[in-house]
Amino acid sequence: MSRRRFQSGNMVLEAALWIPVMLLLIVGMIQFGRITYTYYALKKAVYAAARYVATQESVNFCPDSGDTAIQSAIQFAITGTPDGSGAASIANLTPDMFQVTTQCLDPTGVLTACDTSGCGAAAGARRPDFIVVSIPAGYPVQPRIPFITLDPIQLRPSVTVPFGGAT
Amino acid sequence: MSLPLLIILVPIVFAFMGFALDLGRLYLVRGELNQAANSAAIAAAQQLIGTDASLGNATTSADQVLAANTYNFGSIQIGASSGNLTSTINAPAYYAAVADAAQGSSTQADGATARHVTISLTADAPLLFWSLLPGGESRKTPIAAQAVAGVSAPLCSVCGVEPFAVQARDPSDTVNFGFGDPLGGQVFTFAYSCTGNPAPGPLAGTGIVVPYLILNRYDASNATADETQQLFRSGAAGVPASTGVNPTGSSVPLGCFAINDSVEVVWASAAPAACATRAVQSSVAAALCGMYSRFDTATQPNACVTSVTDFANLSASFAPDTDTTSGLADLYANYSGTGKRVITVAIVDTLAGNTLQTMTILGFRQFLVEPNSDGSFPDPGDLNGRFPVQYIGSPMPVKQGYVDDRFALACPAGQVGSGPGKVVLHQ
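Residue numbers (our numbering), protein chains in the order written: chain A, 1 to 167; chain B, 168 to 594.
Everything labelled a hint here was simulated from the structure, so no lab data went into it.
Hints may be right or wrong, so weigh each one.
[What the hints assert, rightly or not] Not the full set, but computed from the structure, chain A residues with beta-carbon under 10 Å of chain B:
#1 14
#2 18
#3 26
#4 35
#5 99
#6 103
#7 109
#8 115
#9 127
#10 160
[Claimed, not checked] Only some residues are given here: those of chain B computed to face chain A with a beta carbon under 10 Å:
#11 180
#12 202
#13 209
#14 232
#15 235
#16 236
#17 240
#18 420
Owing to the predicted nature of the structure, the values given are computational and were not obtained by experimental measurement.
Cβ atoms here follow ideal geometry from the backbone N, Cα and C, with glycine treated the same way.
Using the sequences and the hints, build the whole thing.
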């Protein structure tokens with residue numbers, strides 16, 4: 001009898017040791033999965049925005065042009081609808097997080113930021129060779145692990161696609 | 168929980184947890200690689216313009232896109248190595264038919280016939296937990312991605328092309344409209360259409376004069392570019408896209424042209440003049456100045472300074488072609504440029520003699536703008552608006568367009584026999 005009671009006490013002690021470790025592992029795994037999923041979703045979103053812009057016509061690539069096609073592309077990436085009427089697929093993802101930039105090949109074949117000196121005049125921005133969509137400041141994901149406080153992880157997906165539209 | 172049970176369960180639980188984690192990451196890596204492969208395939212297909220040099224240009228372009236994209240949470244550049252993780256970009260495979268590309272056929276196409284490209288790459292994904300299990304000792308596993316892109320079927324409507332129209336030399340020849348064999352190096356002198364006699368003579372090195380007109384795409388709503396600048400822009404890089412109203416009243420957007428569009432008219436300020444006066448309208452010179460920028464943006468021809476508003480700044484924002492020397496005696500296959508010198512021209516039934524007559528577009532064909540036979544660039548101030556061209560068929564994909572009969576002009580969707588296509592992603 002006394003031996004049995006000793007065993008049961010041992011089990012409680014074992015459980016007390018194991019449960020936090022297992023809990024940490026399981027929660028950590030779930031958080032890792034959540035971050036992976038969010039990153040993949042964000043990557044899909046920036047790719048969708050980039051491809052949307054890359055197939056548009058008459059896009060004004062001048063800085064701060066507020067071009068409607070670019071705004072529509074970002075809304076499309078966030079909500080799946082160019083006018084932003086659909087439900088957001090990723091919580092707290094806002095249009096101002098996105099950055100759409102352009103890259104051009106210089107005569108030697110090196111990729112550089114496109115020349116925008118023609119902006120505001122008849123020439124306009126140069127027709128880009130590539131569209132780069134990124135989330136430069138990062139989309140914060142807060143890992144939630146009991147009893148441990150971690151800084152939010154900033155996910156910064158970026159994608160480069162060739163421009164196939166007309167300007 | 169008894170100890171033996173625990174000993175059995177812990178590895179199993181850990182293995183399943185690791186399986187879930189690693190599998191999630193493998194899917195992420197595969198997604199990132201697929202996106203990169205898709206982008207690279209599109210970039211490569213844009214370079215397939217039917218020249219011997221096009222395959223090299225396409226491969227370079229694909230590599231540039233891949234190098235600009237990353238995988239594994241954006242931490243590893245594709246094509247580069249990081250620690251024990253390596254990624255390999257296989258040489259792109261080029262095919263003439265999309266069926267061959269989809270099946271990965273062993274017979275690849277050369278530069279003249281390549282229309283589709285397959286990009287395949289393999290990258291190592293890191294393994295976290297599987298590495299504890301047998302078979303995962305290398306702590307990584309290769310993941311492959313593949314994408315096929317190519318040139319679509321001939322389009323019913325094309326956008327962002329040059330607003331030039333020539334008359335079909337032989338309307339019954341639906342493939343080449345009487346312009347001859349596209350691979351045969353047929354050269355012509357394009358001269359601006361004029362009325363009466365004497366007809367303009369050919370430029371040196373060419374035999375046949377083909378009259379052309381500028382189709383009206385004047386965008387009255389454009390606030391930044393005046394008419395001369397719009398003409399320059401159309402000659403330099405095709406009609407700019409616009410949400411403005413098409414001045415011809417057609418349902419086709421301002422930046423596009425469509426087969427069977429029967430209301431095309433000549434650009435109002437570029438109406439054909441009498442041949443005897445030997446003086447084209449300054450609007451024609453403005454468009455030819457745009458054409459000139461495909462060869463040279465450093466010098467400023469007098470005709471351009473007078474006929475285009477703010478010519479110097481406008482010209483500087485366009486880059487000339489990388490090959491400005493392949494000439495009238497060279498076949499198109501030997502042209503090594505990026506396609507900047509290729510113009511896509513509407514073939515119409517009959518050229519209009521004045522601004523009121525309408526023209527019907529029969530199709531689109533492409534010509535390579537050539538330097539003169541002495542190597543000088545075509546003079547934008549030519550009194551007959553002449554420049555030498557070589558007929559090349561329709562090897563180069565246009566920037567934008569529609570395969571279907573979008574504008575209800577009775578274009579047989581998917582049935583256009585031949586003409587330029589656009590770049591599409593197949594899978």
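Checklist entry - Failing hints, ascending? => result When the structure is compared with the hints, only number 5 turns out to be violated.
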